[in-house]
Amino acid sequence: DSGVTQTPKHLITATGQRVTLRCSPRSGDLSVYWYQQSLDQGLQFLIQYYNGEERAKGNILERFSAQQFPDLHSELNLSSLELGDSALYFCASSVGPGDNSPLHFGNGTRLTVT
Amino acid sequence: DQQVKQNSPSLSVQEGRISILNCDYTNSMFDYFLWYKKYPAEGPTFLISISSIKDKNEDGRFTVFLNKSAKHLSLHIVPSQPGDSAVYFCAARTALHSGGGADGLTFGKGTHLIIQP
Numbered sequence: 001d002s003g004v005t006q007t008p009k010h011l012i013t014a015t016g017q018r019v020t021l022r023c024s025p026r027s028g029d030l031s032v033y034w035y036q037q038s039l040d041q042g043l044q045f046l047i048q049y050y051n052g053e054e055r056a057k058g059n060i061l062e063r064f065s066a067q068q069f070p071d072l073h074s075e076l077n078l079s080s081l082e083l084g085d086s087a088l089y090f091c092a093s094s095v096g097p098g099d100n101s102p103l104h105f106g107n108g109t110r111l112t113v114t
Numbered sequence: 001d002q003q004v005k006q007n008s009p010s011l012s013v014q015e016g017r018i019s020i021l022n023c024d025y026t027n028s029m030f031d032y033f034l035w036y037k038k039y040p041a042e043g044p045t046f047l048i049s050i051s052s053i054k055d056k057n058e059d060g061r062f063t064v065f066l067n068k069s070a071k072h073l074s075l076h077i078v079p080s081q082p083g084d085s086a087v088y089f090c091a092a093r094t095a096l097h098s099g100g101g102a103d104g105l106t107f108g109k110g111t112h113l114i115i116q117p
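These protein sequences, in sequence, are chains A and B.
If you use our numbering, the first sequence corresponds to residues 1 to 114, in order.
If you use our numbering, the second sequence corresponds to residues 1 to 117, in order.
So that you can see chain A by itself, here it is in the shape it has in the complex (with noise of 0.2 Å):
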């Protein structure tokens, strides 16, 4: 067990829905991360947060936001759904920025559009 808390488990949504995601870090862990799993991808970093504020942004569309919250939990809200945005999507925890310890990862939220 990670620590890293990710609800759902599975959510199955209609093209041009809204979803929201939900992340919950590891206990003393200020920064979050989320990543997008596709098909025969690999993980493709979206967006990380420390201590509240949005550090670093990769390949996240505007379609999408997220943000975290001051308990430091974290949600990845996904507006205007394509059949293309069906993925696992990881939360992601570490303890902060300035440090080489490793990210923890969350089980996955897996997104069907359909």
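In short, the hints are calculated from the structure, not lab data.
Take these hints with a grain of salt, some might be off.
Under the rule of at most 25 Å between Cα atoms (straight-line distance), these lysine-lysine pairs were calculated in the BS3-like manner [stated by the list, open to error]:
(1) B:K109 with A:K57
(2) B:K5 with B:K68
(3) A:K9 with B:K5
(4) B:K56 with B:K71
(5) B:K71 with B:K5
(6) B:K54 with B:K68
(7) B:K56 with B:K5
(8) B:K71 with B:K109
(9) A:K57 with B:K5
Once you have looked at the hints, place chain B on chain A.
For chain B alone, kept in the frame of chain A given last:
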């Protein structure tokens, strides 16, 4: 442009033998490398890492080798066990910059290791 490449989608090794997983990278700013292991329906789990100032790091049955001049790293598993069957991801991080910069990891597409009895 793939900055971290794992050119073997799958690898089959007999139980008890050595498993060697390879990874190549193109970004010379990478200075920290990690290997993750992933079972189906679970998130990636950290396995072992190496800083660019080293060329080898060992942890039990797992050893990671880094060849900076060739921009190549490899993971050796000796001896291979059935529980090692999983997808292995190579990942890299750029040197940390003050005031910003991505701390996220860049991942390869993974190699599916199958340990045969």
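Tested hints:
no.: 1; hint: B:K109 with A:K57; result: 20 Å, holds
no.: 2; hint: B:K5 with B:K68; result: 15 Å, holds
no.: 3; hint: A:K9 with B:K5; result: 29 Å, violated
no.: 4; hint: B:K56 with B:K71; result: 14 Å, holds
no.: 5; hint: B:K71 with B:K5; result: 11 Å, holds
no.: 6; hint: B:K54 with B:K68; result: 9 Å, holds
no.: 7; hint: B:K56 with B:K5; result: 20 Å, holds
no.: 8; hint: B:K71 with B:K109; result: 17 Å, holds
no.: 9; hint: A:K57 with B:K5; result: 21 Å, holds
Comparing the model with each numbered hint stated earlier shows that hint 3 is the single one that does not hold.
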